[in-house]
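Chains as they are written, first to last, in our numbering: chain E, 886 to 1047; chain X, 26 to 303; chain F, 10 to 790.
Since the hints were made in silico from the structure, they are not lab data. Because the structure is a prediction, the values reported are computed rather than measured. Every residue, glycine too, gets a C-beta built ideally from N, C-alpha and C. Some hints could be false.
[To be verified] Pairs of lysine to aspartate or glutamate residues, derived as EDC-like cross-links and limited to a Cα-Cα distance of at most 20 Å, are as follows:
1. Lys454/F <-> Glu143/X
2. Lys678/F <-> Glu1015/E
3. Lys111/X <-> Asp1008/E
4. Lys213/X <-> Glu29/F
5. Lys678/F <-> Glu190/F
6. Lys213/X <-> Asp962/E
[Said to hold, decoys possible] To give an idea of the interface, some chain E residues facing chain X are shown, with a C-beta separation under 10 Å as derived from the structure:
7. Gly903
8. Glu904
9. Asp907
10. Arg931
11. Glu934
12. His951
13. Met972
14. Asp982
15. Asn1021
16. Ser1041
17. Gln1043
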Amino acid sequence: MNSLSKTSKQLIQLHVNGETHDAVVRSADTLLIALREQLGLTGAKRGCENGDCGACSVLINGKPSHSCLSLAVEVIDQPITTIEGLMDSPVSKAFVDNWAIQCGYCTPGFIVNCHSLITTHPDANDELIEEWLQSNICRCTGYEEIREAVHTLLASGQTENE
Amino acid sequence: MIAFDFKYIKPTTAKEASKLFLNAKQKGNKAMFYSGGTEIITLARVNQLQTDMVIDIKGIPECNVLEIRGNELVIGSTVSLNDIAKSKLFPLLGDTVQRIADHTSRNKITIGGNLNSELIYKEGILPLLVADAKVKLAKGLEQRIVSLESIFKKQLELETGEFLVQIIVDKSYLDHPHMAKKRTKISKVGYPVVSVAALVKECQIQIAFSGVCQYPFRSFKLESVLNDTKVPVMERIGTAMQHLPEDVVDDIQGTKAYRTFVLRNVLKDILEELELTK
Amino acid sequence: MTNKVFTTVGKPEQRIDAVEKSTGKVRYVGDYSVPGLMHAKLVTSTQAHAKITSIDTTEAWKVPGVRAIVTGEVFPYHIGPILADRPPLAFEKVRYYGEPVAIIVADHEYQAKLATTKVKVEYDPLPIVNSVQQAFQADAPLVHENAGSYTKIISNVYPKTGTNIGSHIKIRKGNFEDEWENCEETITANYSFNLSDHVALETRSTRVEINPRGKVIVHSCSQSPFTIKKVLNQFFNVEVGNVLVHIPMIGGAFGGKGTVQLEPLAYLASKSVGGKLVKLEMDREEDMITSPCRVGLDATVQLGATKEGKLVAGKYTYLLDSGAYTDQAAGITRAAAIDCTGPYDIPNVWCDSYCVYTNHPFATSFRGYGHPELTFAVERTMDQLAKQLQIDPIQLRIINGIKPGHTTPTQTVLTANNIGDIEKCINRAKELIQWDEGQKMVSGKNKVRSKGISMFWKTSTTATNAEAGAILTFEADGSVNLNCAAIELGQGTKTILGQILAEKLGMGMDKIHVTMETNTQYDPHQWRTVASSSTFLAGRAVIAAADHAITQLKKTAATVLKCSPDDLDIGGGKVYLKPDPAFGVDIKEIALGYTYPSGHSIDGQVVGIGKHIQRHLTPMDEETGFGKPGPWWSVGVQAVEVEMDTRDFTYTILKGVTVLDGGTIINPKTAQQQMRGGMYMGLSYATSEKFIFDEHGVVQNTGLRNYPMLRYGEQPAQYLVDFIESPAADGPFGARGIGEYGVIGAPACLANSLSYALDVALNQLPLTPESIWEASRGSEE
């Protein structure tokens, strides 16, 4: 059982990008807040804090998750991957090569989600891609270049970290 | 950001969870059972919910079960919607929960959380209602198994300190001909204007609705009207509309008139398709 | 100029910000944190129109960490970009739901937020103005009792005391009244839609500190750094030179970050805690409701034509719902009048464009600045007129398309240089949408496919003295830093300016270092990054700066090479002799001045400076609108093909086409990004976006959960973009602006295609299945 008192902040450990980090959090702090304010990992963005936009997406246990919809204290025993942990993902390069980036604010969330998609489903069809990527809002591109990036990746078979 | 503070506890047994809840209550504190937590977090952020303590029940092994046991499918209350869909154990339930919120959220939203939602939709309950599901509830040392229908009166009516541990579905229901249909205002990601789950058991359509009234429902009266195959489909639908348990919802997702229009179309599609399977 | 083969201009050079953005390492303004940073949160109005009778902060002060609470009486004055009618913090009364009433400053954000819930504000409700039609009625409640007494910040704004009119712009060209009577064919139609929101993914955010020397240091995600300086000077008496504004890269803006709202609030917050660094970041709900949104519109369009379809007279009544304050809606009212006809040659034009106060959240600029709105009304009318005349909608548009030699509604004479070729655009769009295969066909049970088209135009309504500057500093390796205050919002402006410079200097893009952030202390003044003006204004400034640098390089090289500067040319990192390019000096040898073997040195660092200011623009005449409002008009055509389920009125967008004449296209890929993204935004707006108000003027959909936008997969399955490049003689390498244009025609062509599919006039937005069902029911009855 892990118990944290109501008002005081607590020292917890978060397992992020293969490293264990100390963080001092309130029980009410979401993972998003802890990553940004305690670990300085600001790639996950505060787009809505309501699970609607996907800008804060990270991987928890390899699965895409809105980091605004988990408490930091809730995920202390689970591996977390943020955009900062995906520096060599072929997804990033595909987004650059396919012009899928404009303002860049939604980009980390999209890349994290796409990374999980193509590693979990290297044979994803359009229906599955749509199901997954509808979790993220991009207000600049109109999604076409993002679609092209994902299709290019899947077609190239380059779906694992090299 | 959630402005107020609360205590977070993650017990490992149902007994402990229940005790924590009752102890808090005794001290005049408000506690909440916390499963996926998505709704608690979002409502707390906008100050529409207050609590002194959340009791995360994801550490309780019984709540994490998803398997066939003998003649029954057992679904733990903290199983995520995506895990249910991915398991393909109960295709109608999978089809229905796969249209709740968005894919990423469904990694966090649990079936127990959806059934206990404060919103009017609770779409996850529709397949369970039509499959005559049972639920296992825990309170202190006590556990009871009851039919879902018996405790679902517009919402789950649980005793203080009691919580949903598992959902149990008779295996025979899992592969009946079935259909789930959801219509939203426009985008696929969105609350339902109308959401319906139906299956065919012994040549009879069993059907439940969300988005139509202020709570999800299954109505035997309505089913008997819809199953009266002597009457033409559109006439049956017309009669069925008069047997809705209450007025059709009229809100920003859709007016009453529009929801009624959509419901008629959805019912027509479901009847036409499922009657072919009889 | 156009015959020259460009080396960089016209090439799809990769965006210079893409790699960094793909790693999540870009720090947007809200990503910065430092110990001691204080947090401000707003108490906002729960009423749309009410007197504030009391504000009780007793309980809020008890929250640990609270250091200051600021209320409206601290600054009981009005500010605004065009008409100063808005108190930064409401005092005496509130005029919209979500209006800032108080600021809490605390050590931590959660403390400030908790304290906001404990401030008790008592209101005495006032009657609500809940629509522009209601606002216009003679006995309507007044949102502002003395609108006419507010200070005008720029000309061309005409508020009227005793009404809800914040401004009224008139166009009187030719003789509408007489000609209307003589028209063989006439049509009158009405259109409307509610306010909506930008929803840039990055919510508005700022931080401000006041240092002991009185310098006000602002970090913000603003499109208008120099306007922040102006506002803090004009209304808060801080010397312009004492305001230092820093703008990092911005997470989308779409016009919504062009006006100044948060910075004065954060300034007041910082002042309340002795100048400490205070951050104010909007939650999504606040960003949508408390911060300014997009205008609503009620439009009536009357067109009169000959039997053959030649337009003779047009009358346009635009009632813009500006919400509680005029902000940029006053400018949009003017812009809508300037281009009221759409890209058509109409000799007799009458337009009344009103900026109307309501008790809705206030509106500001939105990509297109009134043009997607007016284009919807105009282009729907054109389709309905075509139907009435039994003329093909494209043919009707070609007959009336505006051309050089014609005049605009403000009577600006068009030339081959200041307007693109609309006929070429529509012919190309016609091919791409395969118009000749038929506008409508049955595609399955209850399914029809249909096509719709719209033309559009827009000028860049900048200030008449809008300007930009650029400074180039050369590095020891011969590469060049480009400093310019154009803001990178995602539109790619920094890449474009880099390409313009690379072209001028004959260098590769790898030798150009564009400063991504803007710092008003180092960067030359630029008007603002709005109105699709940066490529034109800043591009011209970069060219001037490059010419300045080239002069210096040639002078030094001429000394070194013992020849005349006129003998020299520049390229490939060298200054070389024109007749013998092998003979020259590397730029790196002279970038920091030239040093002879003896040690003697000459000339020093090459520093290029350049600037460009609009010329010959004028304000509009109050009675007729006569004037020259913008330097050029980009024109274009958009089309969609949809598949509609005629039973349940759901539909999918199969194909989207955009053809634009924006002059020379500097980078075809970033231009394509702008067109596709713009069209997506227009389609999303047209399909699903609007604020929903209850009878008390309270917004019912304040977050993204209930504000549907098109998501992945809901964009057109095919997204075709093409450009016609009629060069603008005075644009950089012949370029005009393009940033806003992709959005403009999208709502109109979607509505045209859906209307055609069902043979029902769809004249309201958004076009949800429910609203289409409603309209079809209405037409049956």
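Okay, the hints, checked on the actual structure:
The suggested pairing of Lys454/F with Glu143/X is violated, with an alpha-carbon distance near 40 Å, which exceeds 20 Å. Only pairs whose Cα atoms come within 20 Å are accepted, and Lys678/F paired with Glu1015/E is rejected, the gap being roughly 24 Å. Taking the CA atoms of Lys111/X and Asp1008/E, the gap is near 16 Å; set against the 20 Å cutoff, the hint holds. Distance check on the hinted pair: Lys213/X and Glu29/F sit about 32 Å apart at the alpha-carbon level, beyond 20 Å; violated.
Using a Cα cut-off of 20 Å, the hinted pair Lys678/F and Glu190/F is violated, with the two alpha carbons roughly 49 Å apart. A threshold of 20 Å between alpha carbons decides the hint, and for Lys213/X with Asp962/E the separation of about 33 Å lies outside it, so the pair is violated. Interface hint at Gly903/E: violated, since its Cβ lies 21 Å from the closest Cβ of chain X, which is beyond the 10 Å cut-off. Because the smallest distance between the Cβ of Glu904/E and any Cβ of chain X comes to about 23 Å, over 10 Å, the interface hint for this residue is violated.
The beta carbon of Asp907/E is not positioned within 10 Å of any beta carbon in chain X (closest approach about 18 Å), and the interface hint is therefore violated. For Arg931/E, the shortest C-beta to C-beta distance to chain X is roughly 9 Å, which falls under 10 Å, so the interface hint holds. For Glu934/E, the interface hint holds, the least distance from its beta-carbon to any beta-carbon of chain X being 6 Å, beneath 10 Å. Given hint, His951/E at the interface with chain X, holds; its Cβ is 6 Å from that chain's nearest Cβ, closer than 10 Å.
Annotation: Met972/E was flagged as interfacial toward chain X, and the flag is violated, the nearest CB pair being 22 Å apart, outside 10 Å. Given the 10 Å rule on beta carbons, the hint for Asp982/E is violated: about 25 Å separates it from the nearest Cβ of chain X. Checking Asn1021/E against chain X by beta carbon gives a least distance of about 8 Å; that is within 10 Å, so the hint holds. Interface restraint check: Ser1041/E against chain X, minimum CB-CB distance 23 Å, threshold 10 Å, status violated.
A hinted interface residue such as Gln1043/E counts as satisfied when its beta carbon comes closer than 10 Å to some beta carbon of chain X; here the least separation is about 23 Å, so the hint is violated.
Hint check: violations occur at hints 1, 2, 4, 5, 6, 7, 8, 9, 13, 14, 16 and 17; the rest are consistent with the structure.
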